[in-house]
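**Q** Each protein sequence line maps, in turn, to chains A and B.
Letter by letter, the first sequence follows residues 1 to 425 in the working numbering.
Letter by letter, the second sequence follows residues 1 to 784 in the working numbering.
Quick caveat, the hints were computed from the structure, so don't treat them as lab data.
Careful: at least some of the hints might be erroneous.
[Said to hold, decoys possible] Once the Cα atoms are required to be at most 25 angstroms apart in a straight line, the calculated SDA-like pairs of lysine to any residue come out as:
id, chain 1, residue 1, chain 2, residue 2
1, B, Lys129, A, Thr371
2, A, Lys379, B, Gln80
3, A, Lys383, B, Ser57
4, A, Lys193, B, Val13
5, A, Lys418, B, Ala126
6, A, Lys193, B, Glu15
7, A, Lys193, B, Thr75
8, A, Lys379, B, Gln128
[What the hints assert, rightly or not] Footprint (simulated), chain A over chain B, 3 or more residues, beta carbon under 8 angstroms:
id, stretch
9, 40-49
10, 85-96
11, 173-187
[Unchecked claim] Take a look, some chain B residues computed to stay more than 10 angstroms from chain A by CB distance:
id, residue
12, Ile28
13, Ala126
14, His271
15, Asn281
16, Asp356
17, Phe415
18, Ser421
19, Asp427
20, Asp476
21, Asp629
22, Asp657
23, Asp664
24, Val670
25, Ile772
The beta carbon of each residue, even a glycine, is placed where N, CA and C say it ideally should be.
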Amino acid sequence: MSQTPQLLFKNRRPGETVFMDGYRATGGYQALEKAFRQMTPQELRELVKAAALRGRGGAGFPTGVKWTFFPSDAPGPKYLVCNCDEMEPGTYKDGELLMADPHQLVEGMIVSAFALQTDIGYIFIRYAYEKQAEHLRRAVVEATEAGYIGKNILGSGFDFELHVHGSAGRYILGEETALLNGLEGKRPNPRLKPPFPATRGLFGRPTTVNNVETIANIPHIINGGAEWFLDLALTPDGSGTKLFGLSGHLNCTECFELPVGIPLREVVENYGKGVLHNHTFKACLPGGASTPYLTAEHMDVALDFDSLAAVGSRFGTAGVTVFDDRTCMVAVTLNLIRFFARESCGWCTPCRDGLTMVRWLLEMIDSGKGTPEHLEMLKDQLKNISGKSFCALAEGAMGPVAGLLTHFEQEIVDHIEKGCCPFRK
Amino acid sequence: MPTLTIDNQKITVPEGKTVLEAAEELGIQVPHFCYHKELGAVGACRMCAVTVQEGSSKGLKMSCLIPAEDGMVVTTDDEQSTTFRDRVGEWLMLNHPHDCPVCDEGGECQLQEMTIASGHGVRRYAGQKRTYNNQDLGPFVAQEMNRCIQCYRCVRTYQDYCGGRDFGVMGSRNRVFFGRFQDGTLESDFSGNIVDVCPTGVLTDKTYRFKSRYWDLQEAPSVCPHCSLGCATIPGGRFHELQRVRSGENQLVNGFFICDRGRFGSGYVNHPERPRQARNNEQLIGMDEALRQLDVEARGLIEQHGPEAVLLLGSERTSLEANWLLQQWAKKLGCREPVLAAHGPRHQAAQVVAFDLSDRLASLEQVRGSDLVLVAGADPLAEAPMLAVALRQVVRSGGQVIVYDPRPVELPCEFDHQALSPLALLDFLTAGGSDGQHVRELLQHAESPILVGGADLLGVEGLQRLKKMSLELSNDQRPCLIYPLLSNPNSFGAALLSLPEQDDLLTRLETGRVKMLVCLESDPLLEAPESDRFSVALTKLDKLVVLDYLPTPLSVHANLFIPTRTPVESDGTFINNEGRLRSYAGVLEPGLPISVAEDGGHPPREFSTVSPGSDPLSASRILQILLKDDSSLVELHQQMVADFPRLAGLTGLTPSDAGVRVADAAARNVVNIDLPEQPVGTLQLIVSPARYGSDLLSRYSDKLEPRFSSAWVMMNSQDAAERGLQEGDKVILDTETGSFCLPMICHPQLAAGCALVENSAALASLVPGAGISYCEVSREVSHE
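Same shape as in the complex, but just chain B (with noise of 0.2 angstroms):
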């Protein structure tokens, strides 16, 4: 651990780090603009020169470059290394338009600190300013090239890092271009990542340009609530509409980098149809009597009818807090223990995860130091994109990604793909032939393997294989660690407070016994399958209740219907993917969006002390009032703790925090799944989430809507042609949900004997995650 003197000021820093990072570490500001703490340092923009007085190099260094050394004495504030920081300020600022007044990034500009940092100030230069054409890159990215000073970050984080390939730097000298070879929408999933490392206005979310000024938007750190990854991200707001959401730092999980999902898919929180007002049927009520509704009617239910009529639905969307409380209140009322997901296949995948493997998962960044990764059943762009990019940075450290799933996975590095049927994996997983063999063999000469589940795909048979698979290739000197992927963002947090081996949702409300459901942030005519089944259960309710923040299709048939928060207007933790517990803080109040009103509209003529909309409570409020319990969240964490050891991590912990692991559960007994038959003739349905649209926050984004997919049914190219197929034929695909007309697109990549559909708001009743099962796809007979 070398020592080292930087401006009169000594610090011992671990052997590797470099002078700039020692010298941030005793608080001295060195400016720079093309080192970047994940890109790490490329000596391009000369900004962060210091002077080395004593070292084995002496003299004027760029300091991202340099290794700290014992005994190195360092000067930042010498004549010297502030002459050339002037100077490179002035370079820098040749061409720039210094329309910082009507620039996005004003106020949280980098160029702009660093400017002043570097001391220059008075513009010298005369000659003619050199400007270009900006280009269109698409709904979300604005770009203004004039501003540019060519640190090279955006290249380095959408194509080095990213693995983007219709985004880079052309041209020479100071002329030097970063766009696309032509106008149009950028093609990477993670392209928003450009906007956060650019360090000045070139390139600006164009989903939020104009709207507002850094200093007046509320931030707070968050969890995204798009997959279960549990991302960190930092959402802004504004006359209570959520505007923008950026990236946060979380070296576990995300690194610094998220998703354009997670960023560009907050439109469910302004999206105009969203519910604000408790309604009885048709009759807007107040909160207070929505709630006394509520409680009055469960009770008398139950007192009338038994613990089974009153059933409690939670969520795996909702926190876990309000999951907890949910258990608490049935208990007060005296029904039958909650279900808390709608899901039930994936509601016991996610429990073989919380219980079965959760003494060897991995964190995403473990995945992304591994040199071998097994990707089995999961399509990462489209379950958990960041685990995509995590994936590229094994193959960029020499590393390999080999891949086991039915689909047409794509990722941005190269990597093997064998296409093979659900069944088939299911096989590769145990055994596997001499391909499983070999995979084997890779995975056990392998200094730190990953195994990468997903749940939709593998279920809890394909889990359990995997567990078996991840305790035979570890050894004494490394485990052979599992990732799994599930659906969303707080699936674990759901499956860790179930009790194992519970009826599920549809066997419950199909006994006819319960005359009340009462449905948390959930709705199974979306997120379950057989909705068919849940649709005609639901007739035979005395009493249909709501609570959720989205217009569901489920709120328009309730009975009562409560309106909740949002993630971002709320405060919560998620249990992510790994286990991990991630806290997240409320950014914004609820309200109507204020907006300038339109048609030359009139200021309002009534005036009221409430803003309007702002009813909306958090669905952990929500129970509490209806527990009479008025804990604070720290108060309510010890009680959770309290009743669920597990849950320690709880203490503690706050938003900022990278978040810790539940404790390890007791491994259950293995329940050997019956796999249906597959009848002949017929092919196994893969039912896929869409990268957008269909988890049902981007659903209800109108941002993203440019990324909706259509529906479709894709086959393998020698499967159509056996049945007579031919790309953009109109097929009838037959399922056990029922029989939909698609167009059918072909596919050399599918796994032979599939047929692939995708969720999305264009196919809503195939829902993603349900096991096994099969399908027929013949030509449209039309009836004329």
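Chain A extracted, bound-state conformation (with noise of 0.2 angstroms):
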């Protein structure tokens, strides 16, 4: 269907999912015994930096520079976790990706460890991913006795087990370190960091914390090497493909894989076959319910970390939604905030008292109830909640909210004018 390189979804059938025979039938598992026969792990953490793999959980952070914060050579168990608490509104690729291709986590998983040297690993899968947790454990199941997990793998001396988590789920669990303390089965909230998760982390000792996607990238950046990986970005500087959730007013809401550094209007129009309806296109969340809005005026904005930061937004997960003309700016931001409000963790006060107080104040102006004062006490909120909570959900949350202050303020205005939503008939 899509003309761009395939590699994440390569395996993608509709309504199929892909174990070991058709897994190897393409190449499955080369990457491992490349990285086990020919690799030192020294060699492989400097591949994955070469290639310039940026997270794919959202925060878009280095992961081979991650992965030299990582004490390889210390003693004593250490840990690879990979973060599989997709829940965020919008952000389904990961969902994705395990219905079609579970087998591609597990070999990113094993030539990860090998990378990072740690023997224990854990795939923390939210509560609702079902079906992908049992495609997990299968897949566990056929590397095990394909001899990729266990004792002396390939004969290197390395040994590795992988177990497959299930979340007891809630957003927050997303958060690496409040995913550590779930996974230890304690309440999930965020840890104070420093120290960071690769000083202390799974029980105290060393630990890595990737997202599904970028893990699943590892093993194609073995096989074409860090060049080729950053070749497929359309950006100079970006590097590789990315797994675009599409959804909201477009024709067509589906998953992509499309190199990293397309145009919004690409996508919007090529991918999403336009929006709904024929409308016309008003705004979306760039990557996921935590990312500014963009506009009309982004169109032609490169869907990559570093120009999307440069127009105010963020990449994110690459979960767009898109809203057309005749969608209320401020219920949507509302809709939004009501979901970040229920899902604090309540342990910081910006996040748990800030939130819904910002969410009251969405509520004031959305039913008509808003005054001047109203929208002068959003704007400081955004001031005081952003960037100053424990962890990131609350300023993630507040993203909509800058987005809409900043493009959409005039909407905010008409509603107290009005005394009532101008979209609403």
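Grab the two chains, each in its own frame, and use the hints to assemble them into the complex.
**A** As structure tokens, this is what we get:
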């Protein structure tokens, strides 16, 4: 369907899941053979760094750099944790990937563990992804039977065990330290950093936490090399492909693997098949619910980490949610804030109570009871919540509010002046 | 040592101090909630925000989390910081019910203070407030969750620090709930601490509810009299009533927290039957008259019958000063030296601690910092509850706790337990086979090992063996210190003042030469073993004089009774289990608590310049009157130091001090104790203190009654099976003290070959610390 290079979705067929045989048929586990037989852990880490792979879980931190912080030669148990607690509105790419081709993640986990010299791996999977967890468990069994998991893998002397852990599930578990607490069976509040997980992570031991898509990319980098991976992107400083999960007012709301740096217009028009019912594009969330809105004037922005940061938004998870011109952006933002306020863990004040206050302000404005003071308070809340909470949840939650105030302040003013929602008939 | 600038003031602080702590040293109060000196910083409330102008990470930061750096420039009063703190104040108050007028915390509420300090004044949020249903958390702690500002201090105290498991945080977002899974009494023995740490009125002292405003309370630094640890407390009284006790801070001893026995065990002060007037047999007399009679009669008897005629008995719960003055009075009267403790074996064990171990004692702070603690013959939750919390800190910081004790010991942390009978425990301390070797090796390799020893179970012999072990395990790099547990708040003090190897109370009484016995805050009927022998000896006396503040059974028999003051009504000093002088200040004047008249009573028709029940004088004051001595407390301390140079630390000691150690003593000769042979077929009898109601003060504290245990005898499941007994059976326990019909309970973790009973009001005649003895348990034969 797509003309762009397909790595992660190479084996994706509607309604099908590829397991060991199908995966091997298209070159599966060759990266693993290559890594274990021809490369040292050090070389692997350098390769990932050279490929400039950036974390696919939302923050976009360079994976190779993250791995350099990891004390891979420290004695004692060390952990590799895969974060599959995908739960942000508009983001569903990891679920799609695991429905299609779970072995990619398993192979990625094994070679990443080898690169980091971690002897135990956990895949922490969202409660609702029961089917995907089932696929993963089967893939782990198959990989174990094939000798890719266990003692002395391919005669390398390296041992690795891999567990699939079903989460009880809340949005906050996507925060890596909250995830570690959850994995330990504790209340999933985020942890104080430092110490960072690389120093004291799971059960107090060195730990690296990476997203599903990030880890699934590793075998492809090993097979294709860093140069090839860099060249996949359309922007000079980008690298690789990205899974874009489309949603909202589009004619086609599916998940596509597209090159990093693809312009927004192309995504909306070529892949989303244009705005639903021929309405006009008004805005979109470019990377999940926690990223500030883009508007029609951003149609030519390249969807990449740096280009989106330059226009005041974020690449996030590349979950693109489109809103047409009939949409009330106050209502959209309120809807999103309701989600985030509900998903706050309750640990720090700006998130627990600040988001409650923001939700109330948006409710007042949305219901037509807002006053100019409420608008000023909303701006003031944004200033005092963003970047001032314990973890990144509240900052992400305020992303849409920031976008609302930057691009759609007039809509707020209209609500206040009309005393009702201008979009409501 | 970094030097930094906070609000244009320079300060140099030790490495690792946070900006919040540095500011505090400068006298700059940065508002905060979740930070607590003992619990540390967690960065949850976001109230302590300041702006770092110069430093490795600039901008708005939480001052509790950032370490002070050299050259750092911080402002706390810039626009960004003050606005942010104002907003945090506003957020925290979104749901608060503003019910200060009916809230017990009013006046000592950190939320009131910090909200004002944050600058938040006018509510802008007009949405719905979140409300909760409250839980019944039992008799000690009242919950009012609507006031909660989610600082998490309660769960960090209850669960993390004290190891309680039935109180925690539930729910998420702005609906987090701090409580139990369902209504019910808090199970932890340290539950009251959540009252102290709660910065607002969510968790308040139920026993003090609606009694006083904080500013109306009289408070003073004091020492807890409920066990030998000497924890810092701050009792609060009003209208002659001791209304509450909260924990004081003493980093060398308890840190910030105290146990529930110490906090809620203060009812003895207001006990309805507390004797408040002197009497000669049945007749009430004035204090002056009572003291005159005592003086005249004591002198008369000595003149007539010689120095043996009057026997003065001091006490392990009376102050150091009173015990010393008792000795001075004896000298003045010309009678033999006083006996300072009714319980002979306990007193001898305390002497081993006060003399032979005095150069190798650890503080509770050192216990908390240890990496390996061996607990031998001690049940911390019963004998010294705050030790249990200290042991938890050992485990929390990666250390290990090993318990060798016959009882099924519980601790609020993970530990290894070996159930050895008392005799086997003594063997373990000397050699102990491969197991003993293994533990010795672990201790040998530990960085700061500590041996905890319970004097009650180990006795003189065990403590001496513990000392030998400590000597063997010490090396040039580090000592292996001992942390002994004694039975009473001033056991150490009474032992230090006593002459070694004097005859004990019963031996002296049974000579028949004693005509008058003066018991100073001591009741051998309750506090010593062999109460039968003592009862018989009493009949040979011409005169029994009792001075006490408790309505003890002995006070009923007294020919002359003189009321004394409790520790909260007097100034004095105790010496705790590790030889630390701990001074306390009086909080209240004694008197009948003033209360609203019931049944529509009338205001008093009689008026008097003295308040009813204000007769009692402190034991030291009484003795000073008898000695015609007008010395101030400071002068008294000078005389005591001159008499006992080990007490040099008394000079300049005040109740707010952490307290200094008494000087080391030269070790005495080791005395070999002959242990009684075990008759065939018998069990070793273990008499343990109960957690509540074993020490006399808690026994007279009504607030603790819900926690008092019933009487039972416990056996190892296998021993019970061998005797054909089942849990719940009524059995006869035959001991040297007598026979008791008790229900039997089984426990797999009780050492084999032992029978365990708890000393409490329900089983008062079996007293702990009486040494090795044997018993038999058999099925009750019904006589029908």
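**Q** None of the hints should be skipped; say for each whether it holds.
**A** Comparing the hints with the structure gives:
Between Lys129(B) and Thr371(A) the alpha-carbon distance is near 21 angstroms, which keeps this suggested pair within the 25 angstroms criterion. For the given pair, Lys379(A) sits about 15 angstroms from Gln80(B) by alpha-carbon distance, which is consistent with the 25 angstroms threshold. Restraint check for Lys383(A) and Ser57(B): the C-alpha separation of about 19 angstroms stays at or below 25 angstroms, so the hint holds. Pair hint Lys193(A) plus Val13(B) holds up; C-alpha atoms about 23 angstroms apart against a cutoff of 25 angstroms.
This hinted pair checks out: Lys418(A) and Ala126(B) have alpha carbons roughly 21 angstroms apart, not beyond 25 angstroms. For the hint linking Lys193(A) to Glu15(B), the alpha-carbon distance of about 19 angstroms falls within 25 angstroms, and the restraint holds. About 23 angstroms separates the Cα atoms of Lys193(A) and Thr75(B), which keeps this hinted pair within 25 angstroms; it holds. Of the pairs offered as hints, the one joining Lys379(A) and Gln128(B) holds, with about 22 angstroms between alpha carbons and a cut-off of 25 angstroms not exceeded.
Evaluation of the coverage hint for the stretch 40-49 of chain B: fulfilled, as 7 residues show C-beta separations to chain A shorter than 8 angstroms, against a requirement of three. Under the rule that three or more residues need a Cβ within less than 8 angstroms of chain A, the assignment of the stretch 85-96 of chain B holds, with 7 such residues. Residue count for the stretch 173-187 of chain B with a Cβ under 8 angstroms from a Cβ of chain A: 4. That meets the three needed, and the coverage hint holds. Here Ile28(B) stays apart from chain A, with its beta-carbon at least about 21 angstroms from theirs, past the 10 angstroms limit.
Remark: the non-interface label on Ala126(B) conflicts with the geometry, its nearest Cβ contact in chain A lying 8 angstroms away (cut-off 10 angstroms). For His271(B), the non-interface assignment is confirmed: its Cβ lies about 44 angstroms from the closest Cβ of chain A, beyond the 10 angstroms cut-off. Chain A leaves Asn281(B) outside its interface by the beta-carbon criterion, the shortest separation being 65 angstroms against a cut-off of 10 angstroms. Here Asp356(B) stays apart from chain A, with its beta-carbon at least about 42 angstroms from theirs, past the 10 angstroms limit.
Non-interface call for Phe415(B) relative to chain A: holds, since the shortest CB-CB distance, roughly 20 angstroms, exceeds 10 angstroms. No beta-carbon of chain A is positioned within 10 angstroms of the beta-carbon of Ser421(B); the least distance is around 38 angstroms. Asp427(B), annotated as away from the interface, keeps every beta carbon of chain A farther than 10 angstroms; the closest lies near 38 angstroms. Distance check on Asp476(B): its Cβ is at least 30 angstroms (rounded) from any Cβ of chain A, clearing the 10 angstroms threshold; non-interface status holds.
The claim that Asp629(B) is not at the interface with chain A holds, since no C-beta of that chain comes within 10 angstroms of its own (minimum 59 angstroms). Listed as outside the interface, Asp657(B) is consistent with that label: its C-beta sits roughly 35 angstroms from the nearest C-beta of chain A, beyond the 10 angstroms cut-off. With a least CB separation of 41 angstroms from chain A, Asp664(B) remains clear of the 10 angstroms interface cut-off, as annotated. The claim that Val670(B) lies off the interface holds: its Cβ sits roughly 46 angstroms from the closest Cβ of chain A, which is beyond the 10 angstroms cut-off.
The Cβ of Ile772(B) lies farther than 10 angstroms from every Cβ of chain A, with a closest approach of about 45 angstroms, so its non-interface assignment holds.
Violation of the numbered hints given earlier is confined to hint 13; every other hint is satisfied by the structure.
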